[in-house]
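Could you put together the complete structure from these sequences and hints?
As a plain string of letters, each chain reads:
Protein chains: 2
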Amino acid sequence: MEYKRPFGVRIDENGVIPGAKKLVRRLSDMRGYFYDEKAYEELLKEDPVVYEVYAVEQEEKDGDLNFATTILYPGKVGKEFFFTKGHFHAKADRAEIYYALKGKGGMLLQTPEGEVEWVPMEPGTVVYVPPYWAHRTVNTGDEPFIFLAIYPADAGHDYGSIKEKGFAKLVVEENGEVKLIDNPRWK
Amino acid sequence: MEYKRPFGVRIDENGVIPGAKKLVRRLSDMRGYFYDEKAYEELLKEDPVVYEVYAVEQEEKDGDLNFATTILYPGKVGKEFFFTKGHFHAKADRAEIYYALKGKGGMLLQTPEGEVEWVPMEPGTVVYVPPYWAHRTVNTGDEPFIFLAIYPADAGHDYGSIKEKGFAKLVVEENGEVKLIDNPRWK
Chain A
1 MEYKRPFGVR
11 IDENGVIPGA
21 KKLVRRLSDM
31 RGYFYDEKAY
41 EELLKEDPVV
51 YEVYAVEQEE
61 KDGDLNFATT
71 ILYPGKVGKE
81 FFFTKGHFHA
91 KADRAEIYYA
101 LKGKGGMLLQ
111 TPEGEVEWVP
121 MEPGTVVYVP
131 PYWAHRTVNT
141 GDEPFIFLAI
151 YPADAGHDYG
161 SIKEKGFAKL
171 VVEENGEVKL
181 IDNPRWK
Chain B
1 MEYKRPFGVR
11 IDENGVIPGA
21 KKLVRRLSDM
31 RGYFYDEKAY
41 EELLKEDPVV
51 YEVYAVEQEE
61 KDGDLNFATT
71 ILYPGKVGKE
81 FFFTKGHFHA
91 KADRAEIYYA
101 LKGKGGMLLQ
111 TPEGEVEWVP
121 MEPGTVVYVP
131 PYWAHRTVNT
141 GDEPFIFLAI
151 YPADAGHDYG
161 SIKEKGFAKL
171 VVEENGEVKL
181 IDNPRWK
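Chains A and B, in that order, give the protein sequences. Every letter in the first sequence is one number past the one before it in UniProt numbering, and letter 74, counting from 1, is 74. Every letter in the second sequence is one number past the one before it in UniProt numbering, and letter 143, counting from 1, is 143.
Treat the hints as calculated values from the structure; they're not laboratory data. Check the hints yourself; a few may be wrong.
If several chains are the same, the list does not tell them apart, and a pair holds so long as it fits within one copy or across any two.
What the hints assert, rightly or not - DSBU-like, lysine-lysine: derived pairs with alpha carbons at most 30 Å apart:
(1) Lys102 to Lys187
(2) Lys79 to Lys165
(3) Lys4 to Lys91
(4) Lys21 to Lys91
(5) Lys169 to Lys4
(6) Lys85 to Lys187
(7) Lys163 to Lys45
(8) Lys187 to Lys76
(9) Lys91 to Lys61
(10) Lys61 to Lys76
(11) Lys187 to Lys4
(12) Lys102 to Lys21
(13) Lys4 to Lys163
(14) Lys187 to Lys22
If you want it as structure tokens, here you go:
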């Protein structure tokens with residue numbers, strides 16, 4: 001029998017996994033995601049990087065595991081904090097585990113029916129993402145928010161429903177505080 | 001539909017996960033695991049804690065994920081460094097991901113045919129344990145070696161084969177250096 005090879009790799013202080021597949025999401029990759037369209041168009045002139053992902057992925061096979069770091073930069077579109085697109089798993093019953101490495105933020109989770117949960121994250125926080133919950137991370141601080149995620153190799157990503165419907169809540173700064181407010185556009 | 005609840009929990013500086021199920025392995029729980037039986041009996045008078053595990057586990061269901069921290073204490077039995085028992089997964093094709101938090105050590109891995117790999121670990125190291133490999137962690141330093149593990153909820157543990165046959169290599173200190181030597185008792 002042919003076995004896959006074990007390996008170790010050290011995440012560097014900036015969250016980079018050497019040799020991993022890199023994905024970059026700029027603001028221009030996220031049209032329609034933020035509530036304040038005017039602020040979006042204004043910031044688009046700079047088109048900042050919102051987040052980067054370094055992923056080490058296996059074949060899509062039941063029982064195998066992938067891991068990835070995300071570097072989510074600080075910033076806001078209007079009063080809404082920078083976030084990752086967010087997704088359900090294509091195999092909806094796949095769970096995921098996050099571990100926060102640096103910075104400050106949280107995870108916004110949502111059931112298919114629109115029930116929302118918010119889990120604050122700081123270095124050392126483990127988050128359990130149960131099967132069936134969409135999940136998005138949010139940087140509520142002023143430095144890069146960096147975390148490690150471990151997910152089943154066959155989980156897959158379903159970005160479509162979140163892109164169309166969004167999350168029922170927005171994570172915003174109001175009077176210097178982090179608040180969750182209803183998303184007026186959520187349906 | 002009833003959904004499981006998401007949650008966040010912060011691993012403290014000693015590797016403890018508040019609220020998690022705790023397991024303690026003392027030297028007396030590991031009879032037959034170390035090579036030097038005379039040194040084992042001598043140290044047994046103190047019966048030190050070799051390691052502690054804090055586990056947050058779900059029902060054994062395909063696609064769900066467990067996580068656990070291990071605090072593996074520094075020490076030796078004869079010239080052999082303290083280690084965890086080590087196991088295959090009961091569902092042998094389940095992978096696992098480790099993330100080193102504190103201290104210094106490594107992972108000893110072995111196929112069912114006895115091929116061995118050694119992966120050094122320091123804080124920031126992610127280790128990919130592929131399907132089918134038995135795995136044991138070893139503390140090669142002089143402070144607690146602490147790491148986080150994420151594994152499929154239905155992986156299970158098969159300790160039996162390692163308890164009977166051991167690993168083909170021992171991790172020992174010789175002239176102040178960490179060395180892998182053949183296990184004379186391995187069959």
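These are the hints, each one checked on the structure:
Within a single copy, Lys102 and Lys187 get their C-alpha atoms no closer than 34 Å, and across copies no closer than 46 Å, so neither meets the 30 Å cut-off. When the C-alpha separation of Lys79 and Lys165 is checked against a cutoff of 30 Å, the pair qualifies only within one copy, where the shortest distance is 20 Å, while the shortest distance between copies is 61 Å. In the homo-oligomer, the alpha carbons of Lys4 and Lys91 lie at most 30 Å apart both inside one protomer (24 Å) and across protomers (16 Å), since each shortest distance falls under that limit. Proximity of Lys21 and Lys91 under a CA criterion of 30 Å is satisfied in both settings, with 22 Å inside one chain copy and 29 Å between copies.
Only between protomers do Lys169 and Lys4 lie at most 30 Å apart by alpha-carbon distance; the minimum there is 20 Å, versus 42 Å within a single protomer. Only within a single protomer do Lys85 and Lys187 lie at most 30 Å apart by alpha-carbon distance; the minimum there is 17 Å, versus 52 Å between protomers. Proximity of Lys163 to Lys45 under the C-alpha cut-off of 30 Å is restricted to the intra-copy arrangement: shortest distance 22 Å within a copy versus 63 Å between copies. When the C-alpha separation of Lys187 and Lys76 is checked against a cutoff of 30 Å, the pair qualifies only within one copy, where the shortest distance is 23 Å, while the shortest distance between copies is 61 Å.
For the identical chains of this complex, Lys91 and Lys61 are neighbours both inside a copy (12 Å) and across copies (14 Å), given an alpha-carbon limit of 30 Å. For a Cα distance limit of 30 Å, the shortest separation of Lys61 from Lys76 qualifies neither inside one copy, at 37 Å, nor across copies, at 39 Å. Taking the shortest alpha-carbon separations for Lys187 and Lys4, only the inter-copy value of 23 Å comes in at or below 30 Å, while the best intra-copy value is 45 Å. Taking the closest pair of Cα atoms, Lys102 and Lys21 come within 30 Å of each other both inside a single copy (21 Å) and across two copies (26 Å).
Taking the closest pair of Cα atoms, Lys4 and Lys163 come within 30 Å of each other only across two copies (24 Å); inside a single copy the shortest separation is 36 Å, beyond that limit. In the homo-oligomer, the alpha carbons of Lys187 and Lys22 never lie at most 30 Å apart, since the shortest distance is 33 Å inside one protomer and 44 Å across protomers.
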